[in-house]
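Take a look at the letters that make up each chain.
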Amino acid sequence: MNIVENFDLFAPRLINKQELFSSGHRACSGCAEVLAVRLMCKALGENTVIASATGCMEIVSSMFPTTAWRVPWIHVAFENAAAVASGVEAGLKALQKKGKIDGRYIKVVGMAGDGGTMDIGFQALSGAMERGHDMIYVCFDNEAYMNTGIQRSSGTPMGASTTTAPAGKVSIGQKTWKKNMPEIMVAHEIPYVATVCTSYPLDFIRKLEKARNIKGPSYIHCFSVCPTGWRSPSHTAISMGRLAVETGVFPLYEVENGHYRMSPDMPKKPRPIRDYFKSQGRFRHLTDADIDMIQNRVNKEFQKLVEKTKYLKTGNE
Amino acid sequence: MALKSWKELPIGCVVSEPGSASEYHTGSWRSQRPIWDNAKCIKCGICYVFCPEGCVQQTEDGFFQANMDYCKGCGICAHECWPRAIKMVEEG
Amino acid sequence: MGKRVGLEVTVAVAEAVALCRIDMAGVYPITPQSHIAEHLSSLVADGTLEAEFVTVESEHSAMSAVIGASATGARAYTATASQGLLLMNELLPIASAMRLPICMAIANRAVSGPLNILNDHSDIMPQRDTGWISLFVENSQEAVDLSIQAFKIAEHKDVMLPVNVNIDGFQLTHMVEPVELPTQEEVDEFLPPLTPHATLHPAKPVTMGAFSMSDYFTEIMKAKDEVIKNSKKIVLEVWDEWGKKFGRHYKPVESYRADDADILMLTMGSMGETAKIAIDELRQKGVKAGLLKLRLWRPFPFEEIREALKNAKTLIVTDRAVSFGGPGGPVFSEIKSALFAGKHHPAIYNYIIGLGGRDVAVRDFVGMFEKILSDKDQKAKDTYEFWGVRE
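Sequence lines, in order, name chains U, E and R.
For the first sequence, position 106 (counting from the first letter as 1) is numbered 106 according to the numbering used here, and the numbering increases by one without interruption.
For the second sequence, position 5 (counting from the first letter as 1) is numbered 5 according to the numbering used here, and the numbering increases by one without interruption.
For the third sequence, position 164 (counting from the first letter as 1) is numbered 164 according to the numbering used here, and the numbering increases by one without interruption.
Source of the hints: derived by calculation from the structure; they are not laboratory data.
Hints may be right or wrong, so weigh each one.
As the list claims (entries may be wrong) - Label pairs and their computed distance ranges (CB to CB):
hint	chain 1	residue 1	chain 2	residue 2	range
1	R	K229	E	A2	47 to 57 Å
2	R	P193	U	E307	54 to 64 Å
3	E	Q57	U	Q303	18 to 28 Å
4	R	T218	U	G132	37 to 47 Å
5	U	G132	E	K4	50 to 60 Å
6	U	G132	R	D225	52 to 62 Å
7	U	P233	E	Q57	17 to 27 Å
8	U	G132	E	M68	40 to 50 Å
9	U	Q303	E	W82	27 to 37 Å
10	E	Q57	R	I220	33 to 43 Å
11	R	S112	E	E91	38 to 48 Å
What the hints assert, rightly or not - DSBU-like mimics (lysine-lysine), calculated; alpha carbons at most 35 Å apart, straight line:
hint	chain 1	residue 1	chain 2	residue 2
12	R	K313	E	K7
13	U	K93	R	K343
14	R	K379	E	K7
15	R	K204	U	K100
16	R	K276	U	K100
17	R	K276	R	K379
18	U	K17	E	K7
19	R	K204	R	K251
20	R	K379	U	K100
21	R	K245	U	K98
Since the structure is predicted, the reported quantities are computational estimates derived from the model, not experimental observations.
Using N, Cα and C, we set each Cβ at its ideal position, and we do this for glycine too.
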C-alpha cells in the first residue's frame with residue numbers, strides 16, 4: 001500500500017489546510033465527487049474563481065441564501081460553464097490590464113459533470129479550449145446524469161444500467177462505449193490534459209497544481225465515484241475509484257504539450273475488470289460473455305495508452 | 001432562520017457570506033457514526049483527506065475526530081483507515 | 001459637440017459603444033448584426049478600444065461569456081439578431097436575475113422558419129418577459145444615442161439590469177446616414193465608470209447564481225418585477241439628462257401631430273419615419289391623423305400610453321410580429337391591456353405589417369387609415385389583419 005506510505009510522509013501536513021468548500025453541503029453520503037471538489041479547492045487555493053454548470057455539485061453547494069463556497073463562484077446554466085469561465089477570464093484580464101482591480105494571479109475554473117461536459121456542454125468547452133483562455137476545465141465524471149436521476153450520458157460505460165438505458169431481457173443497458181473525452185481535449189492541442197481520481201489524492205492535487213501553474217487552457221478529467229447512482233454502499237467510493245484505476249478502466253495519466261505520461265500509481269498489469277464490476281449494482285446483470293467483451297475493449301484501450309506513453313514522449317512544445 | 005421578504009433580498013441574490021452552508025447541519029442524516037481508537041491511530045491523516053464533508057479535524061495531540069454536526073456517517077474514513085483505527089457504530 | 005459624419009448605422013453603433021469604453025465584448029456573427037462585431041473588432045485591433053474581444057462559438061456562449069465578464073465587474077457588450085437571440089434566450093432571464101448591466105444591440109430580423117434574413121420584430125417579441133429593459137430606435141442618431149444611454153440606464157445603482165437596443169435589421173442597420181457622434185470627453189462626462197453591485201474576485205468571495213427552492217423563488221421574482229417597473233424612473237432621468245446635454249430629447253412614447261388627432265397610428269422602430277410621411281399626406285387630405293411611436297417596450301409605459309390616447313377616437317396598432325393563435329400582435333395586446341384599466345376606450349385596430357422584410361410604403365399606411373375610416377360600423381375592431389397578404 002504505497003498510498004499509505006506516501007501519506008505517512010505527506011498527509012495531512014503538505015495538504016492545504018484551508019477548507020475552501022464548507023461542510024453543510026447537501027451531497028449524498030459518501031459522494032466522491034464532492035470530495036473531489038473539496039480537494040480541488042485545496043489544490044488551487046483562494047485565488048481562484050469558479051464557473052459551475054448546473055448539476056449535483058451546483059445544487060448541493062448553493063442553496064440560497066447560503067453557500068458552501070469560500071472562493072468566488074458563479075452558476076449560470078447547464079451547458080455553458082466553459083463559456084462563462086472564458087468570459088470571467090476575459091473580464092478579469094481586461095480589468096487587470098486597465099488597473100481597475102489588483103494584479104494578483106487568479107486562476108479561472110470551469111466545472112461540470114459528464115453530461116455538462118461531454119454532451120450538452122461539449123461545444124462551449126471546445127470553443128473555450130480552442131480560444132486558448134487561461135483557465136482550467138474540470139469534468140467531474142460520475143458516468144451518468146445523476147442529478148436528474150441516473151440517466152445515461154455519453155460518459156456512461158458499456159453495460160451499465162441506467163434509468164434511460166436500463167438492462168432488460170434484450171438489452172445489456174448502455175450499448176455504447178464511453179466517449180474518450182481526455183483524447184478529444186488532447187486533439188485540441190492544449191498545453192495540459194490529465195485524468196485524476198480522488199482515490200489518489202496526492203496525484204490529484206499534484207495535477208491540479210500543475211494545471212494551475214500553466215498559462216493557457218488545461219483539462220482535468222476527474223473520475224468521480226457516485227455510490228447512489230452506481231448502486232454501491234456509501235463507504236466504497238474510494239475503494240471503487242482505486243479499482244477503476246487498478247483494472248485500467250480509468251487509467252491515470254497526463255498529457256503535457258502532447259507528451260503522454262502514465263501516473264506512477266498505475267499498475268504495470270491491470271487487474272481483471274470483474275473485481276471492479278462485482279460490487280456495483282449497475283453492472284450486476286452482466287453475463288460472463290458481456291464482461292469478457294468489455295474486458296477485451298479495456299485491454300485494447302489500455303494497451304493503446306501504454307504505447308502512447310512509450311512513443312509520444314516528445315511533445316509539440 | 002427567518003425567511004426574508006422580497007424587499008430584503010440582496011441585489012441579484014448574491015450570497016456574500018462565504019461558507020454559510022455550514023449553518024445547515026447534515027449530521028442529522030447520519031445513521032452510523034465513526035469512533036476512533038487512538039491506540040491504533042498512526043496519525044496518517046487519511047481520514048481527514050478522504051472525508052467528503054471535510055468534517056474530520058486534527059486535534060492538538062495529532063489524533064483525528066469528526067465534527068458530528070456534519071458527519072453523514074458514510075463510513076469512508078473507517079473503510080480506508082489503514083490500521084483499522086476507526087469503526088462505524090449504529091446511531092442509538 | 002461631436003462631429004457629424006456619414007456612417008453605416010452598424011459602424012456608428014460600434015463607434016458609440018467604443019466611446020463607452022467597454023472592457024469586454026463577446027460576439028458571434030449573424031446577419032444583419034455582423035458589421036457591429038466586425039467594426040468593434042477592428043477598433044480593438046487598432047488599439048482604439050482597449051477591450052477583450054472574445055470570438056465565441058455561438059450566441060449561447062456569447063451571452064454566457066458576457067455574463068461571466070459582467071460578473072467580474074467588466075463593462076460587457078454583445079450584439080445579435082434573430083436565431084442568435086433565440087439561442088441566447090435561455091440566458092436572458094438569468095442575466096437579469098443576476099442584475100448584470102449587460103448591453104446588447106439587436107439587429108431585428110425575422111425568426112425561422114422558413115429562414116428569412118430580413119427585418120421584423122419576431123426575434124425580440126418572445127424575449128418580452130426575460131426581465132431586460134428593451135428600447136427601440138427609429139434612425140441612426142437614435143441608434144447611437146440609445147447605445148450610449150443603455151449603459152447609463154443599465155448601470156444605475158437602482159437598476160442594475162441588462163438593456164437591449166432594437167435596431168431594425170437592414171432597413172436601419174445597413175443605412176448610411178449622417179450621424180453626430182459625441183466626443184470622448186462628452187461620453188466620459190455622461191457615463192461614469194461602472195460601479196458593480198458585486199464582483200467575482202478573491203478579495204471578497206461571493207456566490208452568484210445560487211439555487212432557490214419554492215421558499216424564496218416567489219420573493220426573487222417579485223423583487224425582479226419591482227426593479228424593472230421602477231427602472232422607468234431612471235430611464236426618464238437619463239433621457240432628461242441626455243436632452244439637456246445634447247439637445248436631443250427622448251420619451252417612452254413619441255408623438256407626431258397627435259395632439260388634435262382623431263385617429264392615431266402606433267409604430268415601433270424604423271417604420272415611424274415612413275408613417276410620418278403618411279400622416280402628412282392624410283393631414284393634407286383633411287384627415288385628423290397622428291402618429292405615436294413606442295420607444296420603451298420594457299418596462300411598458302402604461303401611463304404614457306393612456307395619456308397619449310386620452311383624446312383619440314380610433315387607434316391603429318401596427319405589429320411586426322405574430323402571436324400565433326393569440327389575441328393579436330404582441331404590441332396590440334399590451335396596448336389593449338393598458339387601456340382596459342383606464343376610463344377612455346378608443347376603437348382599436350391591429351395590422352400585422354412588414355413581416356420578413358416585406359416593404360411597407362407610405363401608400364400602405366395611408367391605405368390602413370382609409371380602410372378603417374370607411375369601417376363605419378367598426379366591424380374590424382378588436383381583431384387583427386395581415387396587411388397586404390395575398391388571399
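How the hints compare with the structure:
no.: 1; hint: R/K229 - E/A2: 47 to 57 Å; verdict: violated, 27 Å
no.: 2; hint: R/P193 - U/E307: 54 to 64 Å; verdict: holds, 56 Å
no.: 3; hint: E/Q57 - U/Q303: 18 to 28 Å; verdict: violated, 44 Å
no.: 4; hint: R/T218 - U/G132: 37 to 47 Å; verdict: holds, 43 Å
no.: 5; hint: U/G132 - E/K4: 50 to 60 Å; verdict: violated, 43 Å
no.: 6; hint: U/G132 - R/D225: 52 to 62 Å; verdict: violated, 41 Å
no.: 7; hint: U/P233 - E/Q57: 17 to 27 Å; verdict: holds, 25 Å
no.: 8; hint: U/G132 - E/M68: 40 to 50 Å; verdict: holds, 47 Å
no.: 9; hint: U/Q303 - E/W82: 27 to 37 Å; verdict: holds, 32 Å
no.: 10; hint: E/Q57 - R/I220: 33 to 43 Å; verdict: holds, 36 Å
no.: 11; hint: R/S112 - E/E91: 38 to 48 Å; verdict: violated, 60 Å
no.: 12; hint: R/K313 - E/K7; verdict: violated, 42 Å
no.: 13; hint: U/K93 - R/K343; verdict: violated, 56 Å
no.: 14; hint: R/K379 - E/K7; verdict: violated, 48 Å
no.: 15; hint: R/K204 - U/K100; verdict: holds, 15 Å
no.: 16; hint: R/K276 - U/K100; verdict: violated, 47 Å
no.: 17; hint: R/K276 - R/K379; verdict: holds, 26 Å
no.: 18; hint: U/K17 - E/K7; verdict: violated, 39 Å
no.: 19; hint: R/K204 - R/K251; verdict: violated, 40 Å
no.: 20; hint: R/K379 - U/K100; verdict: violated, 63 Å
no.: 21; hint: R/K245 - U/K98; verdict: holds, 28 Å
Figure legend: structure checked against the earlier numbered hints; hints not met, in rising order: 1, 3, 5, 6, 11, 12, 13, 14, 16, 18, 19, 20.
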